[in-house]
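Got chain H sorted already, so can you dock chain V onto it with the hints?
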Amino acid sequence: MSELVNTRELTPGMQIVLVDGAVAEIVSNPLDGVWVFARYLSSPVDPAIVGSEEMIFAQDIAAVRRER
Amino acid sequence: MAAAGYRKGLVDLSKGQISREIFVNDEIYAQEQERLFACAWLFVGHESQIPNPGDFFVSGMGEESVILCRDRPTGQARGLKAHGEIHVFLNSCRHRGMKVCRYDEGNTPVFTCPYHGWSYGADGKLVGVPYFREAYHSKLDRSQWGLVEVAQLCNYKGAIWATWDPTAPSFHEYLGDFARYLDLTLDSWDGGEGGIEVLGGIQKWLIPCNWKFPAENFCGDSYHNISHRSVDLVGIGPSGSGRRDMRERQMARRLQVSFYERGHQTGVYVLPHGQPTPPAYAHSPVVSEYFAHCEEQRRKKHGEWGRVIGSPGEVFPNIALHPRQPRTIAVWQPRGAHQTECWRWYFVDKAAPQEVKNFLRDYYIRYSGPAGMTEQDDMENWNYAHAASRGVIARRHPYSYEQGQGYEIANYEFEGLRIPGTVMDITEAKSSEHNLRNLYRRWSDFMEARSWDELASWRRADQDHDIVRAAE
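These protein sequence lines map, in sequence, to chains H and V. One gets our numbering by counting positions in the first sequence from 1 and adding 14 to each. One gets our numbering by counting positions in the second sequence from 1 and adding 398 to each.
Same shape as in the complex, but just chain H (with noise of 0.2 Å):
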């Protein structure tokens, strides 16, 4: 089982991977411990939002993505 992320910890150009498979680039981090600003990289499930950019939920957070 994955770590479970702190929103909190997030900062503008970390990458995090979502529970549906995407990857996302921080861009803003309000610090409300709930939502995150990312521009999405990849996602395999809706490529078609790949570039644009979103508030992602942070249930929807899988992990941090170390490595690129």
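Treat the hints with care, since some could be wrong.
What the hints assert, rightly or not - Derived CB-CB ranges, DEER-like:
no.	chain 1	residue 1	chain 2	residue 2	range
1	V	V684	H	G65	57 to 63 Å
2	H	R79	V	L604	47 to 53 Å
3	H	V41	V	R500	52 to 58 Å
4	V	A549	H	A62	47 to 53 Å
5	H	E17	V	E432	50 to 56 Å
6	V	E483	H	E67	34 to 40 Å
7	H	D60	V	R494	52 to 58 Å
8	V	R492	H	A62	25 to 31 Å
9	H	G65	V	A769	56 to 62 Å
10	H	E17	V	L604	52 to 58 Å
11	H	G65	V	N553	37 to 43 Å
12	H	A62	V	R500	35 to 41 Å
13	V	G544	H	G65	26 to 32 Å
14	V	K748	H	R79	46 to 52 Å
Simulated from the structure, these hints should not be mistaken for laboratory data. Backbone N, C-alpha and C define an ideal beta-carbon position, used for all residues, glycine too.
Relative to the frame of chain H, chain V by itself:
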């Protein structure tokens, strides 16, 4: 038997008597929330508390927690409104009601509900809904679920006012000519438009009494000065004696001014024609010089109106003005029939030297707030008066508000200066309950009215006037 709720006769101004029920009755308190606080204009804060986009201050309107905030300019609005627009929102998530902001003040890109995670921008729009695609199948109409915004908002000289009632008159109409007296608190000391800022944080504290006890006190109840005799003996004033500088007051006419149709009232002092304002703030040469210069400028800017010196007053229903020594606004937030949360804002001139601001900070907190010596005296009176009025026997006996009845003057003038409002000259009489009666006159208007058509009685007078003119 205790009465159930509000009824005519509890405020009997023909006798100058007011029933204790209106202070201690829980049902009347509940009726006030609907009939007063959901309809009237209320003070929310000052623009200097939220200078930057994303800044917020959590305030109160009656029992409601509200967020005063400045949004972030986006897209095409960026060039036009570089500082962002000011909003006032109900601090309650549209999904299950949790507070979306639990801080007193700060800066944020979003207000996020900690319960289920709904998130709102500083413009109130719902921007984040967890599992929007999965659980709502992307069908929730987010445009319909933004934060609840006040019906009307007014930035008057930097002070932010709001009402929940879309049918209420504009704030300017709500004030009427009382604006000239409110300006004595909101303009800078030299008379410049709205040149003040909030000093330090907002003091908030709870007291065990009905909100109308402090409200009537600040309408201009000077009869209770005996309560402050100990403070006067200590000499907390800015020149080291009394609690204020008194020379300007001693040479002036002392008036109480009421606006019958609006419910606002204040005390004022009017200097004789040609009489310069005497020096004050003798404890600090820098501060004394600053205020002497400001007074000179104010008199030049305002001409004869510059002879008017502010004294405590009240914007209906629960906003207390303290325009001069010290300069503050207090809001008496209702927290049940038997409890009030006092919120006090302190003001200084934005452009004042730091030494002046520091001096005033020390003076203000000696005088006002939970640690201020004068306000402590007041709280003793309000709290014990409330407690002693709750019993079955006590509630059978009304309070007396008879001072000065029948001595009101409609078109008061002093040495060529006309004073707007209905005036009671208490220079010789020493005291009057004229302004206090006005508060309860308007309070009962609100408790009995079914709409703003009834409350805006000045409009009918204007219409009558128009009909007479047309007939002529």
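Hint check:
Taken as a hint, the range 57 to 63 Å holds for the pair V/V684 and H/G65, whose Cβ atoms sit roughly 60 Å apart. Restraint check, H/R79 to V/L604: a C-beta distance of roughly 50 Å satisfies the suggested window 47 to 53 Å. Between H/V41 and V/R500 the beta carbons are some 25 Å apart, a value that contradicts the proposed interval 52 to 58 Å. Remark: the range hint 47 to 53 Å for V/A549 to H/A62 is contradicted by a beta-carbon distance near 41 Å.
At about 52 Å, the CB distance of H/E17 to V/E432 agrees with the hint of 50 to 56 Å. Between V/E483 and H/E67 the beta carbons are some 23 Å apart, a value that contradicts the proposed interval 34 to 40 Å. Look at H/D60 against V/R494: about 29 Å separates their beta carbons, and that is not inside 52 to 58 Å. For V/R492 and H/A62, the Cβ-Cβ distance of about 29 Å falls inside the hinted range of 25 to 31 Å, so the restraint holds.
Look at H/G65 against V/A769: about 57 Å separates their beta carbons, and that is inside 56 to 62 Å. Take H/E17 and V/L604: their Cβ atoms lie about 44 Å apart, and the range 52 to 58 Å is violated. Between H/G65 and V/N553 the CB atoms are about 40 Å apart, so this pair conforms to the stated range of 37 to 43 Å. Between H/A62 and V/R500 the CB atoms are about 37 Å apart, so this pair conforms to the stated range of 35 to 41 Å.
Judged by the Cβ atoms, the range 26 to 32 Å given for V/G544 and H/G65 holds: they are separated by roughly 27 Å. The beta-carbon spacing between V/K748 and H/R79, approximately 49 Å, falls within the hinted interval of 46 to 52 Å.
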